[in-house]
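Sequences are here, hints too, so could you generate the full structure?
From first to last, the protein sequence lines are chains A and B. Each residue of the first sequence is one higher than the one before, counting from 1348 in my numbering. Each residue of the second sequence is one higher than the one before, counting from 330 in my numbering.
Mixed in with the good hints there might be a few duds.
[Claimed, not checked] Calculated pairs, DSSO-like style, for lysine-lysine (alpha carbon to alpha carbon, straight line, at most 30 Å):
#, chain 1, residue 1, chain 2, residue 2
1, A, Lys1381, A, Lys1423
2, B, Lys701, B, Lys550
3, A, Lys1486, B, Lys534
4, A, Lys1438, B, Lys701
5, B, Lys702, A, Lys1422
6, A, Lys1422, A, Lys1381
7, B, Lys550, A, Lys1423
8, A, Lys1381, A, Lys1534
9, B, Lys701, A, Lys1368
10, B, Lys509, B, Lys671
11, A, Lys1486, B, Lys615
What the hints contain is simulated information worked out from the structure, not anything from laboratory work.
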Amino acid sequence: MKGGSDPGSAIDVEGLTKSFKTTKAVAGISLDVKRGEMFALVGPDGAGKTTTIRMLCGILSADAGTARLLGFDVKKEPEQIKKRIGYLSQKFSLYTDLSIDENIEFFARINGVKDFRRRREELLEFTRLAPFRNRLADKLSGGMKQKLALACTLIHTPEIIFLDEPTTGVDPVTRRDFWKLLAELMKGGTTIFLTTPYLDEAERCTRVALIDRGEILACDVPEAIHSLLGQQVIEVSCSPARTALAVASGDAAMRERFDDVQMFGERLDFVFTKGSAEDATAMIERLFADNNITVADIRTKTPSLENVFISLMRDRARRDAVEAGAEKEEKQW
Amino acid sequence: MQPIIALIRKQFIEILTSAQLRSLTLVAPILQLILFGYAASLDVKTLNLAVLDYDRSTESRQLVHDFTNSEYFTLTKYLKNYSEADEVLLDGEDKIVLVIPPKFGADILAHRTTPVQALIDGSDGNTAGIASGYAGGIMASFSQQILLDIQRTTPGGGPHMAQINAQTRVWYNPDLKSRKFFIPGILGLLLLITTVIASSTSIVKEREVGTLEQLIVSPIKPYQIIIGKLAPFVVTASITLMNLLIVAALVFGITMRGNLLLFFLLTLVFLITVLGLGLFISTISKTQQQASFTTSFFVLPPFLFLSGYSFPIENMPLWIQKLTYLVPLRYYLVIVRGIFLKGVGLEELWPQLLAMLGLGVVIFTASFLRFKKNLD
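Below, the structure written as structure tokens:
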């Protein structure tokens, strides 16, 4: 059997690039996912997540760069790869005129699975769809459709599964169930590569890559991403939050003291690296009191992935501005 | 083989459970053939006739009688003057006005040539031509009758004249019913439209829903996808064809003169082109709606007008005639009409077979390559 240089590597990507007309969707990303990992590609809409996953599955061909799955080249050995991967697209594509049983059987035959009956029972058991096996896919709830799609993806016992935003538009209960299923799959040794716009979900993964505008901003275990910049966060619930943000941004001393201010609804997160938290908290309270801003709650916390992500994106924007020759030396949030 | 069979099975389930596909391939063609079969007729049955008789003699009455006695004209009224003739033609009440001059009877009795005017509404050229032909025929036999009368009444037999007697026999469609010519054409057209729409929308649906992507990531090969998707439509098209043949026979009394098996085989060749077109349309359409829109606006008109379905190809300008060689329906219509009406066989139809096969292979291959390229 042919194999890649690193036998422990499930997904090995080097400088993968894809452009659509004038926009660069994926700008030369590199990744290395080990076998048995649950890997999350996290980023906002339009960051290049789906394009990346589609290139890895061989649906799109890359403009440049290489991708190897289980040691096989995506471009040169698609037949070897197709047997070993499963792909769950964003829309959970099913045949609505077929029943649950018929859908699974169809995908079994398409994938050349000879004796699919036992595997089907296992999967129906696993997804708890067995009682509904004769129901048409069209008549299933969103969560059941998604589980059925997962079952179809797993019928040929793939070594890697690719899930494109599997929990987008799914209710919270189904979402929790789905994560349980994924955890079981990972226990069984399946490598899972998924994309999500939700940072909280990514924290359940073994490793996370943050992607924006086609570039990987950071790639590490969730904990390391938290402490990536050694930042601390002061969370302030205040009103009116919008005025508070304007006041804080307008103050030169504040801009000097904090790396970033991020607004989440009625909440402001002040991100800083230097000095003590007490000192920083006092500074914020003083400023808001002077400007008639009511502070409901103020506390220190470790940064969430969201904070890190936004900081990283701003850092890059700043770098870009400097490269573009911006004259402003003043730091801006 | 297993993946192809799975696809075919799935496709049949989809056709049978989807009300849209079921009615498109099974019910609609039958209804349309019945409807269009009755509607599609250029035959002129009876024309309204008005008479402006300035003479009012026995002879003029005899001429009008000859008109009304023929099954082609119905006398609506006698007119008083010329301006009335103008009116009845303008408002379309009458298609033809017969103007008999004064002294019509006297001239005939005196053995003098006398003119009769027939005013015909020419806004519909086809009807006008037929009306003119009928009127001319009635007047010619009226003249001949006068000559015979003269011969009979003149002592010594009078002058004898040699005459050509044209003995026309119409073959294949003896009553010259245009319906007989049209129904095989409608049959070909319905087969084409339903199959193109059904096949193209069913492929586009897979792309729309995203199942095509699932097929792409599976080990199934593009040619297997195409066979699995299109083979069921060969079956539905055959069923459609069978239904249409039954309707043509039972409703319109038009039965196949030629070999049924040959007809089916040639239809299969035609289906290569048709499914190739369906496949092509699926590659340029993003939604099912777009696919049926493209079919009805870009495929239908050239097939309708350039195939010889509605207008005879011989009457077209030469450069358009050349264009019609690219329309596959052109060949199929010759085949359908030939086998249906004349009962001809392969010895007459092989040029059509070759042309259809050639076009089919080109269209299908090009569409398949396009489909494959779209997958990457």
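For each hint, the structure was consulted:
1. A:Lys1381 <-> A:Lys1423: Holds: Lys1381 of chain A and Lys1423 of chain A sit about 21 Å apart, inside 30 Å.
2. B:Lys701 <-> B:Lys550: holds (10 Å)
3. A:Lys1486 <-> B:Lys534: holds (18 Å)
4. A:Lys1438 <-> B:Lys701: holds (23 Å)
5. B:Lys702 <-> A:Lys1422: holds (15 Å)
6. A:Lys1422 <-> A:Lys1381: Status holds; Cα separation ~20 Å.
7. B:Lys550 <-> A:Lys1423: Holds - the C-alpha atoms of Lys1423 of chain A and Lys550 of chain B are around 15 Å apart, at most 30 Å.
8. A:Lys1381 <-> A:Lys1534: Distance ~14 Å between Lys1381 of chain A and Lys1534 of chain A Cα, so the pair holds.
9. B:Lys701 <-> A:Lys1368: holds (21 Å)
10. B:Lys509 <-> B:Lys671: Measuring from Cα to Cα gives roughly 11 Å; hence the hint holds.
11. A:Lys1486 <-> B:Lys615: holds (25 Å)
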